[in-house]
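Place chain B on chain A using the hints.
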Amino acid sequence: MEHIVIIGNGISGVTLARHVRKLSDKKITIISAETDYFFSRTALMYVYMGHMKFEHTQPYENWFWEKNRIELKKGYVDTIDTDTKTLVFAEGDQMKYDKLVIATGSKPNKFGWPGQDLIGAQGLYSKQDLDNMEVVAPNNKVCKRAVIVGGGLIGIELAEMLNSREIPVTFLVREDSFWNGVLPKGESRMINRHIKNHHIDLRLSTNLKAINSDENGKVKSVIIEETGEELECNFVGLTAGVSPNISFLKDSKIETKRGVLVNRYLETNIKDVYAIGDCAEQHEGIGNRRPIEAVWYTGRMMGETLAQTICDNPLEYKPGHWFNSAKFLDIEYQTYGWVFGERGQPEYEKHFHWKHDDDTKCITIAYHKDTNAFLGINTFGIRMRHETFDKWLTENRDVDYVINNLKEANFDPEFYKHFEKEILATYNNQLQTV
Amino acid sequence: MSNKINHSMSLASPDAFHISTKQKVALGIGLVGLLILALALFNVHLPNTGLFLTLSLVMIGAGVVIYSREAYLTKLEGIKNDGTWFKSISSRGFWGWALGVILTSFYIVLYFYPQYLGLAKDGAPNTGLVGLFDPLSNLLSGRNASQWFVYGSLYTIAILAFGYKFILKYRHNRYQQIRTMSVMFFQLGFAFLIPEFMYVMNNDLPYYDLKSVWPLNYYIFDEWSVKGFLSNGNLGLALIVFGIVSTFLITPILTYKYGKRWYCSWVCGCGGLAETAGDSFRQLSSKKLSAWKLERWLIHTVLVFSVVMTTAMVYSYLGKDSNNFWLTRDVFITAVIVFLTIIFAGVMYFRGKELGKDAKAGAIGYGAVIALLLFMHFTATTENLFFIKGGTLRSIYGIYIGSIFSGVIGTGFYPILGSRSWCRFGCPMAAILGFQQRLFSKFRITTNGGQCISCGNCSNSCEMGIDVRAYAQKGENIIRSSCVGCGVCSAVCPRGVLKLENDTMDGRINPTEILLGNDVDLMDFVNKK
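Line order of the protein sequences matches chains A and B. Residue numbers for the first sequence follow my numbering, so the first one is 1 and each next one is one higher. Residue numbers for the second sequence follow my numbering, so the first one is 1001 and each next one is one higher.
Chain B on its own, in the form it takes in the complex:
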């Protein structure tokens, strides 16, 4: 095969895509910025941390910005995916694997061995990488940095710098530009700055990223979190009410109007990183039918796990004050079961036929949750679920799903599995929003009559692994629970076949047998049959 990917490790690989002098300079600047971080990581004592931190972050940002300007502003506006599958980094070549390993290792250290990053124990001063970020943390919230602050800062820098790159790449496309500005704004403001300022205002309030909704924000209903909010008077109470309202009211309404994209590709930080820093890897997601099957089981299992775990957590601390609060364990577990039953019955009644085979899987899932909840309740002489303490279950979820799945695999494996493997296979929030999107959303991707040429650009660039082409070549609207509405399929389509639309609920599912183009008599004939 001639159109191979070059897996050669040689830096002088024959098919290499050449970079200009300006890009080499930009790479140099960015890498020196990274070097400063690496030096700090290896505990080299830097004299003026404030200066070096500024230098490092500015150089990394500047490197990305200069490189991107050279890459895109030297060409005319338009889709420029040239060489994506030839470049080692974006085609699972040597650099792709190298980056994957480095990122994954970084996540493992970050989550499980923060002391190696220089996080101090027992009030001792921070050293290393965490120490380097102390000046910034002190500036924002007047306390020393933690490993999460380091991570949050780097995360934000990545979204801002690569967001800029994305905006340049799609500078002919206003949807992409506005959407990217939105994720940059939410990351910088809501995920990074506001929680810091909230700390300044009220330093015993639990960390709360306002845009992070349960179940993605799986710790919001934990005992310590709820107590933390409740001990903060009206502000805390308002926040916890907002947490509940955003989950059960705001989210469904927005999803009804705009599809889950309002969250997944306009607001969410995980999505934000995937869309910006992860953009170079979006084509790597698997479009095989087998991947789709795995995805559906996996993501819904995480959702079930998340629902049960949260219920178990709330349940376990409710018992303690059952005498002086109306919300007892009995009331709570009954309410949860009634709520789930209403949802399940409603779905089966209104959409059972439409869901077809999925209805069966849904019934199994529903049955499993109810059985688990009842089992939990009636064996609740202890606080055990599956003979594991509720708190242990919660920490299992935190480690295996919150950390390993979303962080280590979700982001570390960008260069291997594509940019949205967490969103696609693991995010319980995406599962809920997807469920809503599939059932009652005005959103769909419309295909343009008979204009598809089956070229596959759309499927190739779908980060959620949807085989968009399979729908487009049938002229069928795309109603998929996994679609995050990033709009890149529409952008890369060389024939203008795809359009993201919010329209009436009628006719959003439109399977046709004969595409537009043949004489109407024939279409009548076939559609009648």
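One chain only, chain A, in its complex shape:
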């Protein structure tokens, strides 16, 4: 029986395993050094905040794996010999495979800051990161202040976590507005204000220079590059992005760049070796997508696709319309299609922006300046229906149509206030004056 070995038990690897099991009878092994069972990485924050216990982040009960004949192996893969199709573990044992899938995900970026490896300086990606955090920042007695470096999604989640335990947070963001590499101006500014409303000390256009140590090798303070100011703190969250977790492949024959290079079939340069999820890198980005997509949803989609290929139905990875979502403290964010941020907005892209007076809801609709074609939407504080936008994007609707039919896409709970009329009025108003 063909043996499919998957390294990594994140969403990509587990989705793949589940679908391979649905489609076939092959032997499946999932290897992880991180945890015994699959858990939802995106939910780690809720464990620290006390919304859930760690076991609640595991989508399947423990008997699920045996019942579905998915073998789980706890171990760290040290080297891969693709000639003999053998994996060698750090513990010394070996495993043969027929088909190998690398789904090892990401690790937090570190940019060579002095002191970046001190106790108390860490990212938030793995279960171990969370455990460490519980040691160095269990409460505001042990951790009198935390500093977060890097203004992305993990950074703001980390800020929310620390906030829930009443640990004062200073948030250092290199850009002059939060996540403005991705978000248009109005949205980015609104989130700036929302962060500050939560009593988080947000410092824009600010870089980390160094992290200072105390006599025990623990974080004592950080130095800010621009002002030279020294900030006393006991925890430094390093959240300046992530990069593929593939250092164990450096001696193998598998071709890598920043990630494991794959073609549209998610195949590497070596036969019967594949890569999916955060650690996979396309030779060229698909459409407007980046070559490496470190997003939960794309990891899942690659797993679904590769399962078909492995089960003798070769399929290209063809992601549909882009979508993503996140939550900034209390404000939910969803995006469908493409809306570019302050930086990197193509010249053909125009935006319509509407913001509610309460400063917690806004939308931005991107459209083509010549054809009025609808390109994408960002929504904050208003839930929208994925299916509807997916359909409208496929149907190449124009911006007028989208604004006039926005109600159809609303996904807010019953009895919620609707803003379609207001949005339409703003839209008509802008068109008349601009």
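It should be emphasised that the hints constitute simulated quantities derived from the structure, not laboratory data. Wrong hints could be hidden among the right ones.
Unchecked claim - Here are the simulated lysine to any residue pairs, SDA-like style, with alpha carbons at most 25 Å apart:
#1 A:417 / B:1151
#2 B:1080 / A:139
#3 B:1474 / A:66
What the hints assert, rightly or not - Some but not every residue of chain A turned toward chain B, in silico, with C-beta under 7 Å:
#4 36
#5 40
#6 52
#7 164
#8 168
#9 383
#10 387
#11 388
For glycine and all other residues, C-beta sits at the position ideal for the given N, C-alpha and C.
Below, chain B alone, put in the same frame as chain A:
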């Protein structure tokens, strides 16, 4: 494990969540209010019961209100479940168990030893806790309090005070606010005040909470109850007709349009208490597959028991007047069997395939009921069922299901089993409504395309123990008979994936293999296969 629950009994536990000075004051006020009740309970003679009762209830209410305002109004609007699993009371820690034991003990005394609460026998004046509530009872209905009046008052206070807390907690969510106002209204008006006023108007009318429908209101067709109604002329007759219409007509129609939530989380008092006072415990319900299996057997067994018991009760008194009333035992038992057969045949014909394996369980249940009814009829030379008198069966139901299950376990075990263990495992009304919801309701919880991140917040906060995430991560609508439509899964979802909807019957069950997000070709491919 670092993210442990602290089971330490120390009041200075290292991970304790700190409360502000204002909250300490609020706790103080509320606890003094409770102390007055405790003093009365232990038969301390309080001189001016009216004053002390007012003081006690106002202080308890004020304590909860001040505490909640400090907890929620000092923060921005939004989901705030921080520390739920760290707090001893909401994670089956020391305080959770302590509260569970106290509540359970209170229920046992309330149901079985009301004399310990000070209920007087043989016309003697009430003492103790029941005596403390005399002034309020006299004010409302001009009679002295009973243990049920004490319970009803405390129940109503709990729903009102904790309802206020719930509204603050979800003040960004209008669905939750309106729903909570609805349960507060129905509890105060329909369950508490109207029956008292009805007593004032007509004091030999049986107690009737208008919103309580058979089989939850299992005593409505009892002989004493029916006689009580019938002896009250048109009003009584109207009430009993309303009782029948609400069971067989109003209920299915509303469930068809809105799902069982119209009752379970907008109107019902048991649901009302679970949603308000029980909110802190909702995460404790088990989401294991084994719990689900147990739930389905248990709740339907209670339903079968309830149907048979009610039929037996009505049957047993029909016989007596068979000569002067068209509804004889033969007619009645035939009507019940025909009615059940029509329902069963209809379900199998229209929904048999959809129900799949459940159809088999349904057939067994149906067979069991019919067999029991026939057995009952043909051995009906006596009024025995299983060699137990019908009346005894009725009181067994009253004690074991009406009292122990719904009260002692259902509410007393909030801090152990979660807030809806009665609704989930035992309520025959929930079983019927759930059956209707599963078969013919426009209600479903829609999941938003491929947006689920499997975080588990939804499942964690489902008080009915539904593993909502299992559906959401498949992008599949949630059509479950147990769903009471409280909407909290939708509220806590950090990605806006869940929405409670009433929509057309078509496409409400939508299993998909590939989630939205991949190119349509792939979806076509897989769905074709």
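Status of each hint after checking the structure:
Pair hint residue 417 (chain A) plus residue 1151 (chain B) does not hold up; C-alpha atoms about 38 Å apart against a cutoff of 25 Å. Annotation: proposed proximity of residue 1080 (chain B) to residue 139 (chain A) holds, straight-line Cα distance about 18 Å (limit 25 Å). Simply put, residue 1474 (chain B) and residue 66 (chain A) have alpha-carbon atoms about 21 Å apart, close enough for the 25 Å limit, and the pair holds. Taking 7 Å as the C-beta cut-off, the interface hint given for residue 36 (chain A) is violated, the closest approach to chain B being about 13 Å.
At a threshold of 7 Å, the smallest CB-CB gap from residue 40 (chain A) to chain B is about 4 Å, leaving the interface hint in force. The closest approach between the C-beta of residue 52 (chain A) and any C-beta of chain B is roughly 5 Å, which is under the 7 Å cut-off, so the hint is satisfied. For residue 164 (chain A), the suggested interface contact is upheld, since its CB lies about 4 Å from the closest CB of chain B, less than 7 Å. Interface restraint check: residue 168 (chain A) against chain B, minimum CB-CB distance 15 Å, threshold 7 Å, status violated.
Interface hint at residue 383 (chain A): satisfied, since its Cβ lies 4 Å from the closest Cβ of chain B, which is below the 7 Å cut-off. For residue 387 (chain A), the interface hint holds, the least distance from its beta-carbon to any beta-carbon of chain B being 5 Å, beneath 7 Å. A hinted interface residue such as residue 388 (chain A) counts as satisfied when its beta carbon comes closer than 7 Å to some beta carbon of chain B; here the least separation is about 9 Å, so the hint is violated.
Of the hints listed earlier, those the structure fails to meet are numbers 1, 4, 8, 11, in rising order.
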